Amino acid sequence: MKTRSGIAAALSVVAICAVVGVAVYAAATGAHSDAQTAAATQFTPQATFAGLTPSTGNPELESLNLVHPSPGTIVAAAGPFDDRFVLEDLAFDGGAVSGAVRVTSDVSDVLDLEVLAGFYDADGVLVGSGRFVHHLSEDTTHTEPPIERQEFTIAVPGDVSGRAVAVSIGVPVLVNE
Amino acid sequence: MKRQTSVFTSTTLVTALVASVILTGFGGAALAASADDGNDRARATNVIYLLGDGMGRTHVTAARERYYGAAGKLAMETLPAQGFVSTYAVEKLSGQPGATDFKPNPVTDSASAATAWSSGVKTYNAALGVDAKGMVVPTMMELAKKAGYRTGNVSTAEITDATPAGQMSHALARGCQGPVYSDAACQDLSITGAALPTSDVRVTPIADQIARNGTADVILGGGLSRFDAADETALKGQGYSVLGSITGQSIATKADLAAASGAKVFGLFNKGNLTVEKTKQDNPSSVQAQEPTLSEMTSKAIDLLQKGKNNADKNDRSGKGGQGFYLQIEGALIDKRSHANDAAQTLGEMKAFDDAVAIVKDFAKRDGNTLVIVTADHECAGFNIIEKGTFTNAEAGTPPANVDSGNSANNSTPTRPSNSKDAARSTGIVNGAGAADPKNFGPATFRTPTDAAGVVDGSPDAGLWLTYLSGNHTGADVPVFATGPGSDQLQGTIDNTALFGIVGRALRVV
Chain A
1 MKTRSGIAAA LSVVAICAVV GVAVYAAATG AHSDAQTAAA TQFTPQATFA GLTPSTGNPE
61 LESLNLVHPS PGTIVAAAGP FDDRFVLEDL AFDGGAVSGA VRVTSDVSDV LDLEVLAGFY
121 DADGVLVGSG RFVHHLSEDT THTEPPIERQ EFTIAVPGDV SGRAVAVSIG VPVLVNE
Chain B
1 MKRQTSVFTS TTLVTALVAS VILTGFGGAA LAASADDGND RARATNVIYL LGDGMGRTHV
61 TAARERYYGA AGKLAMETLP AQGFVSTYAV EKLSGQPGAT DFKPNPVTDS ASAATAWSSG
121 VKTYNAALGV DAKGMVVPTM MELAKKAGYR TGNVSTAEIT DATPAGQMSH ALARGCQGPV
181 YSDAACQDLS ITGAALPTSD VRVTPIADQI ARNGTADVIL GGGLSRFDAA DETALKGQGY
241 SVLGSITGQS IATKADLAAA SGAKVFGLFN KGNLTVEKTK QDNPSSVQAQ EPTLSEMTSK
301 AIDLLQKGKN NADKNDRSGK GGQGFYLQIE GALIDKRSHA NDAAQTLGEM KAFDDAVAIV
361 KDFAKRDGNT LVIVTADHEC AGFNIIEKGT FTNAEAGTPP ANVDSGNSAN NSTPTRPSNS
421 KDAARSTGIV NGAGAADPKN FGPATFRTPT DAAGVVDGSP DAGLWLTYLS GNHTGADVPV
481 FATGPGSDQL QGTIDNTALF GIVGRALRVV
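Chains as they are written, first to last, in UniProt numbering: chain A, 1 to 177; chain B, 1 to 510.
Treat the hints as calculated values from the structure; they're not laboratory data.
A quick note: this is a predicted structure, and the numbers were derived from the prediction, not measured.
In this text, a Cβ means the ideal position worked out from N, Cα and C, and glycines have one as well.
Keep in mind that the hints are not guaranteed to be accurate.
For each label pair, taking beta carbons as the anchor points, the in silico distance ranges come out as [to be verified]:
1) B:Asn-393 with A:Thr-48: 45 to 55 Å
2) A:Thr-53 with B:Ser-470: 40 to 50 Å
3) B:Asn-384 with A:Thr-56: 45 to 55 Å
4) A:Glu-151 with B:Gly-248: 31 to 41 Å
5) A:Val-125 with B:Asp-303: 53 to 63 Å
6) B:Gly-248 with A:Val-86: 20 to 30 Å
From the structure, some residues in chain B lie toward chain A, with a derived Cβ separation under 10 Å [what the hints assert, rightly or not]:
7) Gly-134
8) Val-137
9) Val-203
10) Val-455
11) Ser-459
Working from the sequences, and respecting the hints, build out all of it.
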């Protein structure tokens, strides 16, 4: 009988320890909600995709290689979002190209924008490129109206300085909502 | 014997207590599901989840008054179970509610909210299918698909946008939509410390994930620009009928949708978001007018999922195929036009969304075993109905006067002598006399069904006066309307993460 009492007491201690332990763990780790935890233990989302080659660099535009602007000109290079923006106030002084992308589709936020500049020599051959990157941090406080117009300046890379006489501009990344 | 019984009883009680505490504290959903096993009360054959992006309680009321009059009802308002949903997000690296490192953020974005109902966890704004510490969490649509349900995802936004993507992808940042990877758009070093390899699903462009993971059988919406030729190959390789051409970047049309058939259909009807209904109605000969309405996409999605289910019933050898379907439908442009404080288009999108609700309601009535949930992810822009002829603080030279400030019990705020309109900030009704003034905070007014003949939108005589607090989301609770098995769980106020469990129990996947 004493043994059975001992077993009961031991079971009680083990059980209480289990409850306390789980509670402490949950508090410390921020365990997920009940339903989510149950589901999470049963299923692992697909994490790899057969045939998909992971990206190896920053986004590029093939169209930069397809245009051959004349000296002194700035042309548009085709990209996937050309129906969502217009380029404004483009200028090239030999050292940098500047201008603005004005988003013309829905704008409550421009979350991400990348502008690519291709630089060309006098024969219209692409000799270098540069990039402008805008990323709206989710920590950003909305103190101003949504930005429809994003100004950019992209410098000619140092190794082609003096050779760049024409420019193309394209947009490979645009996320606006 | 008595002693033995006592020992046995005490041991059993302790064990039961432990089990109870564990189940209540950490497995409540499982316990509830077990309880339901007995009467199958919360079990549904199908679940249709409709989401009005940015739709607050006032959006519902304003649309009702605009289209059906003050005494009328929207379709969603006729659903029997009604309540409210809290929507707060959390900061990056926060623990879940109750954890010592829990850090709430009162105002959510669409990504965090989508993750809450899709995966049952609180996360930071911009996160999709990951918790606030960046850990991948399964989505309801993934769980439903794995359990043998047919699945559909319909939106008037880009299909890679936060709400649809919340069911079909896992991303550290909602901007990682594709078609290409970008460090700035996809990585978040504040979560991961160092850049993840680009093979990691959490930085894989959302379009690439959607085209390859087969999570939704029927995918209808916008965002063709996010997908490329390789995506089309991947989709067709899984048996999808692709409407239009991804490779040729030719958008699908409503005619393509009407003719679509098959178990898996992928149709995108705009390179970006779909076009607002008011614009289509005002320009009926435009290319955009050939986009299907949300109602048309909803009807077709139900039809495709039903036919696929019936085919599965006939051919089912796994015992899973005939289980029913899980369909998510988003009216996305309510939010986008609320951000713009465009009340006319906001109301038009509310009507379009409610028309889709009506179709779903009719289907559920015929089916008899479909759980329908209509809710929102957050309120947008502090939409308000003001009394005819009055004005808001935004139009005022000074805020409301504390006229009772002479009473010491009522003078905790500064005394203000008067409240009047500021002529520079209130230059007329914004969809009427004040339309040309970009600095005008005046209200927008709309005719209601009970207004006198001849009263038009933008007139001071119109019965519905609408204003906005801001151009951004607010932290207000949002309404929820429901019908069908288990819908009684949506009475009262719940948190958005609870929607995961309610749907999951209805489908028996959690």
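Here's how the hints hold up against the structure:
The beta-carbon spacing between B:Asn-393 and A:Thr-48, approximately 54 Å, falls within the hinted interval of 45 to 55 Å. Checked against the hint of 40 to 50 Å, the pair A:Thr-53 and B:Ser-470 passes, with Cβ atoms roughly 43 Å apart. Range check, B:Asn-384 to A:Thr-56: Cβ separation about 51 Å, and the 45 to 55 Å hint holds. Between A:Glu-151 and B:Gly-248 the CB atoms are about 34 Å apart, so this pair conforms to the stated range of 31 to 41 Å.
Our hint of 53 to 63 Å for A:Val-125 and B:Asp-303 holds, since their Cβ atoms are close to 55 Å apart. One distance hint, 20 to 30 Å for the beta-carbon pair B:Gly-248 and A:Val-86, holds here, with the actual separation near 24 Å. Using the Cβ-Cβ criterion of 10 Å, the hint placing B:Gly-134 at the interface with chain A is not satisfied: the shortest such distance is roughly 13 Å. Checking B:Val-137 against chain A by beta carbon gives a least distance of about 6 Å; that is within 10 Å, so the hint holds.
With a least beta-carbon distance of about 9 Å to chain A, the hint placing B:Val-203 at the interface is held under the 10 Å criterion. Interface restraint check for B:Val-455: the shortest CB-CB distance to chain A comes to about 31 Å, outside 10 Å, so the restraint is violated. Against a cut-off of 10 Å between C-beta atoms, the interface hint on B:Ser-459 is violated, since the closest Cβ of chain A lies about 28 Å away.
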